[in-house]
Structure formats: structure tokens, C-alpha cells
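Colleague: Sequence lines, in order, name chains A and B. Just so you know, the first sequence maps onto residues 1 to 405 in the working numbering. Just so you know, the second sequence maps onto residues 406 to 541 in the working numbering.
Possibly wrong hints are sitting among the right ones.
Under 7 Å between C-beta atoms, here's a sample of chain B residues computed to sit facing chain A [claimed, not checked]: (1) M406; (2) L409; (3) A411; (4) A412; (5) L422; (6) G424; (7) L428; (8) Y442; (9) S535; (10) P536.
In case anyone wonders, no lab produced these hints; they're calculated from the structure. Glycine is no exception: its CB is placed at the ideal position from the N, C-alpha and C atoms.
Below, each chain spelled out in residue letters.
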Amino acid sequence: LLARALLLTQSTFARGRTNRPLAPTRSDLSSAGIAFVAVAAVGVDGGGYAPRSWGWMFLAFASVVALALLFRGDVSPRPLELASLAGLLGLAAWMFASGLWSIVGGEATREAERAVVYLAGLAAFIAIVEKRSIRMLLAGIIGATTTLALYGLGDRALHGPSQNPFEGSLLFQPLGYANALGILCAVGLVVAVGLGVGERRPYILLLLGTSAAALVTALVLTSSRGAWFSLACGLLALVVLRTARRRWTVVVFAVIGIGLCIAVLPRTGFGDRPTYWRVALEDARTHVVLGSGAGTFDDFWNAHRPRALSVRDAHSLYVETLAELGPVGLLFLLAALLPPLAAAVAARSNPAAVAAAGGYVTFLVHAGLDWDWEMPATMLAALACGAALLAAARPLSSSRSSERR
Amino acid sequence: MKRLLAAGLVALLLVALAGLLALGSRSGSASAAQYQYGGRPTLKASILVVTPSYYMIRVSGTNYFGGSQPGGQLQLTCGGKRGSSCGPTPEPWPAGPVDETGRFSFDYTFDCGSNVRSAIAVDNDGVRSSPVRGAC
């Protein structure tokens, strides 16, 4: 029954608004499957935060890449895909090398291992997803985020609000961190809204609406201000990319709105983050060329913290990367993260690509406000959105031709 | 050959997913937020009893949010000239549970031996205590 329900869902999503056949292709199934399983399985395992999970994750992604190489005729990455993969590879290598000049030994290897898992994940998504199956990849992301939201809500319903010493009564399971669950819900919501806009088939709207209801409920219970802010930015990205006329007017208003939010938020909404960022920037100024070494922010924090707070990460991917890995590390990071945005601009006429872009922007904004890099479930959802964008930008003529039933 | 290879890869994939799900189904693990905000694991060793024949040292740990402590060993520093020997080397302590606040504690008894100047507790993740001193 589950298999039939999955097939029915797959086929309805797969058809989109084109005249494609009802039965899902192998590419549709594998795209939806890899996005769903990667995000949901890692999410249930505490978000994949603990290093004990990384070996299994790498093994799974490496197997998928090997299977794609075995069965697909053409898996050679396009230039934007290659740039993103090379950025992640360079970042992992730079992290590993930073052990040579790190202010504290031992952490660099572990940080590099996690980056290698992301590299394998992105490679697996790129190897699997076809240009015509990105809707299914996005359906897999919505399914996974909804599953995690329902897991958290179910846990709350069965056991009541927990009184976790760090998370209080917030909804934080199964990821173990309320803001991480919040951003996953936000990414799922933006993607669902992106797919739902212009959709007329009632059963698809019902599926998307049900998912959205679960995601909003979970998001409310996480009380994640950063996730709400990122959600607003993601929705704005949807509007900007879908607006054919007066796009620049929308962009200008959006930038002004976001600027106002940032101007107002520091006093009320960022919590201790400005303190973390100041210390991280001090770290960057102290180790201006090479950075202090991957995974060393907590050591620098403990030596220079203005208040007796314990924290491991700087709560901003970009600031922490600059502090720990210097300008070279930040360039590698941007090389990994920016190609999907370039792909989004190129593929903005594709409604599914716009939905993926909304989800991706939602993550990029939140990564500047929290430790999303350290939470693989969140990163994998973002990388799946990024892979969808990269696939959407492939030229039709060179779209892989090995799609089989 | 291709089918055999594919079957092997699928088996690897299934094993990896089973491993992930098995880890996810384990209860009692600390949350990511505990690791992020709970501070570093710290070890403390203190001498409870010193007799002519044995020491009793209490080893206690805090901020062990992984759901268990990884085990470890008391390492001895010998007296006298550098490179001198002392002992006997205490037996390692096994991995074990921690309470819900990430703490554990146990008493560790070992023979006095000879030429021992101090001892430190070191867990299997490399967390070290301050040295304790006390002559039998």
C-alpha cells in the first residue's frame, strides 16, 4: 500500500503542468528517493550532528554515485556543477591542511571529514537528478521536512513538552536543536509554496497544503526567529524570480525591507549572536591570512569571550569560515555555494527551479545566522535544492539522455 | 559482472542506511544543542584514600553529552630522573554511562607501586585532568 501511495504521489508530482506520461520515470523515483531518504534518515539521526554518523552517510552517498556511474551513460558534471563540487573539494582540503597552522590540533581533520560528506552528498544529488525530474527532487525535500516536522509534533503529542536544559520547551526533536528544525521547516515551506503557486490540480494542492500546515505548526513551536526571517527572504526570492516585470523595483524594496529588519533586529532578535560575531571577527583580524584553523572558534572564544558563555560555533557560516580558514577558505565556500544561484538566474523561467531557488535562498540567509553547516540534515536539504538548480540550468540538448522507465 | 557490482553497491547502500537508522533509533543520546552550548567535557581526579598499599582516586567527568563516557586510563608520572620507570600501570577504566546532565563519577583503586610522582586521568578522546599527587 505504501509503495502504491508513493507511486501515485510520484506520478502526480512528476507530471507537473506538462503533458508528460502518468507513470514516473526511474529518474523521478530516484530523485525523490535520494532527497527524501538523505534528509529524513540523517534528520532522524539527530540531524547527523555527531561524527559517528558521517561514515555511514559517506558510504551511502558514495554507493549512489558509484551506481549512477555504473548505470548512466553520461554523468559528467556541467561547468557550474563542477565549480560547486570543486569549491567543496577545495574547502575540505583547506580544512584538512589548516591542521598544520591551527591554534589547537585535532579538530581540522574532523571538520574536513564533514566537508567530504557534503561533497559526496552533492555529487550524489548531481549524479541522480535529471533536468526533467527536479520537481520530484523537490517533492522529496518537502516529504522529508514534513516527516521530520511530524516526528517532532508526534513526539510532543506523545510525551508533552520536554524541559531540556538547553532548549527548554521548544520543539527540537528529532534534530536536537530547535533552530535547525525551524530552518528545515522553512526550507520545506518555501519549496512547497513555490511548487504550489500556479498549481491547479486539487489533489496536489491538498498534498502541499497538508505539508505546509504541518511545517507551519512545527515552525511556530520552534520559536525560531532566524527561521522566520529566512522564510521571509526565501518567499521574497520566489516573488523576485517569478516577477517578469518591474523585477528591479521588487529587488530594491526587498533590500530596503531586509535592511530595516537587520537594523531593528540586533537589539531584540539576534540574542548572543553579535557577541559571537565580534569575537569571530577578532579571530579573523588576529589570523588574517590563514585563519586560526578549522574547528578552532570555540578555543578562540574560550580565550577571548567577554562573557562566561559556552559555545562551539560562531553562529554564522560566513564569519566563522573567515575566522577559521581565512580569505582563502571563504573563497572556497563561496565557490561551492554561489553556482546554484547563478543557475537560478539562468533557469528562472522554470517554475520548479524558482521553488528550488526559494528554498536555497532561505538556507543561505539562515546559514549567516546559525550553525547550519554543523547540522548535516539542514545542509543536505540545501545541497539538494542547489543540485535541483544546477540541473535546471543544464541545456536541453545536453540533458542526460539515459532516462529510462 | 555489472549486475554483481550493482548488487554489491546496493548492499553497501542498504548497510549504510541501516547503520544510520540504527544510530537514529538509539535513545539517550545528548542533543546537538547540548554539545553546542554545554561546554567542553572536563575530567577531574582527586585522591580519596592513601594507604601504604593502595590509592583510591575518584575520577569524575562533566559535560559528557554523548550519552556515555568513552573509558580511559590513569597515566603515571614517574619520580627521579627523566626516563625512569614506575608502576604498576593502572588498568584502564571501561566506557560507561553518564547521567542526564552529562556527569559520571567512579572510584578507582590501584596499587601504590614504586617511584610514582603523580597521576592524571585521560579519557579515550584525549580529555585530561589536572595531575594529582600523594605518596603512599
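Colleague: Confirm or reject each hint.
Modeller: Comparing the hints with the structure gives:
1. M406: violated (11 Å)
2. L409: violated (11 Å)
3. A411: holds (6 Å)
4. A412: Interface hint status for A412 (chain B): violated (11 Å vs cutoff 7 Å).
5. L422: Holds: closest Cβ of chain A sits about 6 Å from L422 (chain B), inside 7 Å.
6. G424: holds (4 Å)
7. L428: With a minimum Cβ separation of about 5 Å from chain A (threshold 7 Å), the hint on L428 (chain B) holds.
8. Y442: With Cβ-Cβ at 5 Å, under 7 Å, it holds.
9. S535: violated (17 Å)
10. P536: Since chain A brings no Cβ nearer than about 21 Å to P536 (chain B), farther than 7 Å, the hint is violated.
Checked against the numbered hints above, the structure breaks hints 1, 2, 4, 9, 10 and satisfies the rest.
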